[in-house]
Structures are given as C-alpha cells and as structure tokens.
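> Sequence:
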Amino acid sequence: MPDLAFFMNLLSVILQYGLIFCIYYFIYLLLKLIYHDLHPALEKKQPELKTANLVVVESNSSLRQDKFAVHTELSIGRGKENDIVIDDTYISHHHAIINRMNNLYVIEDLNSVNHTYLNDQILTKKAYLQSGDIIKIGLVTFKFER
1 MPDLAFFMNL LSVILQYGLI FCIYYFIYLL LKLIYHDLHP ALEKKQPELK TANLVVVESN
61 SSLRQDKFAV HTELSIGRGK ENDIVIDDTY ISHHHAIINR MNNLYVIEDL NSVNHTYLND
121 QILTKKAYLQ SGDIIKIGLV TFKFER
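All letters in the sequence shown, in the order written, are residues 1 to 146 by my numbering.
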C-alpha cells in the first residue's frame, strides 16, 4: 500500500504543476492577443501608397509622353510652365490642375474657355478622382489610374 500513496502524491504534484503551467500559458496567450490588438501595424505591413497616373488614351497633339505621374500637384495647360503642356488652341494657358489631398486626388478646372470634362460631364467645381475616370481637355483624353 505504500506504493499507492507515493503514486497518489506524485500524481497530485504533477497535476498541480500542470495546472500552474496551463494558467501561465493562458496568461501568455491573453497578453499576446492584447499586444497584437493594440499594435496592428506590427502584424501587418502597411500597404505602400501607389502613385496615381494620368494615361493618355487619345490625343491629336504631340505630348512628350503617354503617362504622367501625379505626385502632389499636376498642372495642365498650354503654357510652358505647366507639368503637362498641350500645344492646342482649345487649351487655355492654365487649364486644369490636379491636387493630392490626404491621399485623395482632386481635379479643378481653372476657368478655362473650352472647359474640362470628367466622364463626359463639364467640370464646374472641384471633383474627387476615382480610378478609371476619363478626363478630356481639348482634343486630349486621359484616364486616371491608381
């Protein structure tokens, strides 16, 4: 019978340490979950901001390139000081401008004579651009991409 008492004590000690281990493991998992919940940037890499582009879809004038990156501001017009210079009599010297505001892009017509068209509608005030929007200025048609 002394062997039974020894095994009962041994089993009791093993169960006690097993219970303590389970409690500490549970606390570890709980703290890990709280930490990752409070610091989600550490779990997932933040997506890189893509540069927006104006892609020339149709043009009757000679543009230097067929894709223009929109960083913080992009001016369009006939004047040589613009980012996109379009040598076309239908284009005003300062025709339109695209600005980046909080990772959104806004297009504005600068009171041009022949207007700026956004998705076949005359642009009368500032408008937010969406990927796939079609911008027509004079005889040049652009597609906005993100």
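FYI, nobody ran anything at the bench for these hints, they're computed from the structure. Be aware that a few hints might be false.
[As the list claims (entries may be wrong)] In silico DSS-like links for lysine-lysine, alpha-carbon gap of 27 Å or less:
hint, residue 1, residue 2
1, 126, 32
2, 32, 143
3, 125, 67
4, 136, 126
5, 136, 80
6, 143, 125
7, 67, 143
8, 32, 125
9, 80, 67
10, 80, 125
11, 50, 143
12, 32, 50
13, 67, 126
14, 67, 32
15, 136, 32
16, 32, 80
17, 143, 126
18, 136, 125
> Please work out if residue 126 and residue 32 have their alpha carbons no farther apart than 27 Å.
violated (47 Å)
> Compare the distance between the alpha carbons of residue 136 and residue 32 with 27 Å, and conclude whether the hinted pair is satisfied.
Not satisfied, since the Cα-Cα distance of roughly 53 Å exceeds 27 Å.
> What's the verdict on residue 136 and residue 80, does the C-alpha distance respect the 27 Å limit or exceed it?
Roughly 20 Å separates the two Cα atoms, so the pair holds.
> When you check the alpha-carbon spacing of residue 32 and residue 143, does it fall within 27 Å?
Cα-Cα ~46 Å, so violated.
> Against the 27 Å threshold, does the CA-CA distance of residue 50 and residue 143 hold or violate the hint?
Holds - the C-alpha atoms of residue 143 and residue 50 are around 16 Å apart, at most 27 Å.
> Are residue 32 and residue 80 close enough, with their CA atoms no more than 27 Å apart?
With a Cα-Cα distance of about 58 Å, the restraint between residue 32 and residue 80 is violated, given a limit of 27 Å.
> Is the straight-line distance between the alpha-carbon of residue 80 and that of residue 67 27 Å or less?
holds (18 Å)
> Take the C-alpha atoms of residue 32 and residue 125, compute the straight-line distance between them, and say whether it is at most 27 Å.
Violated: residue 32 and residue 125 sit about 50 Å apart, past 27 Å.
> Under the criterion that the straight-line Cα-Cα distance not exceed 27 Å, is the pair residue 67, residue 32 satisfied?
violated (47 Å)
> Going straight from one Cα to the other, do residue 80 and residue 125 come out at no more than 27 Å?
Satisfied, since the Cα-Cα distance of roughly 25 Å is no more than 27 Å.
> Holds or violated: are the alpha carbons of residue 125 and residue 67 at most 27 Å from each other?
holds (25 Å)
> Decide if the proposed pair is consistent with the structure: residue 136 and residue 126, CA atoms, cutoff 27 Å inclusive.
holds (15 Å)
Comparing the model with each earlier hint shows violations of hints 1, 2, 8, 12, 14, 15 and 16; every other hint is respected.
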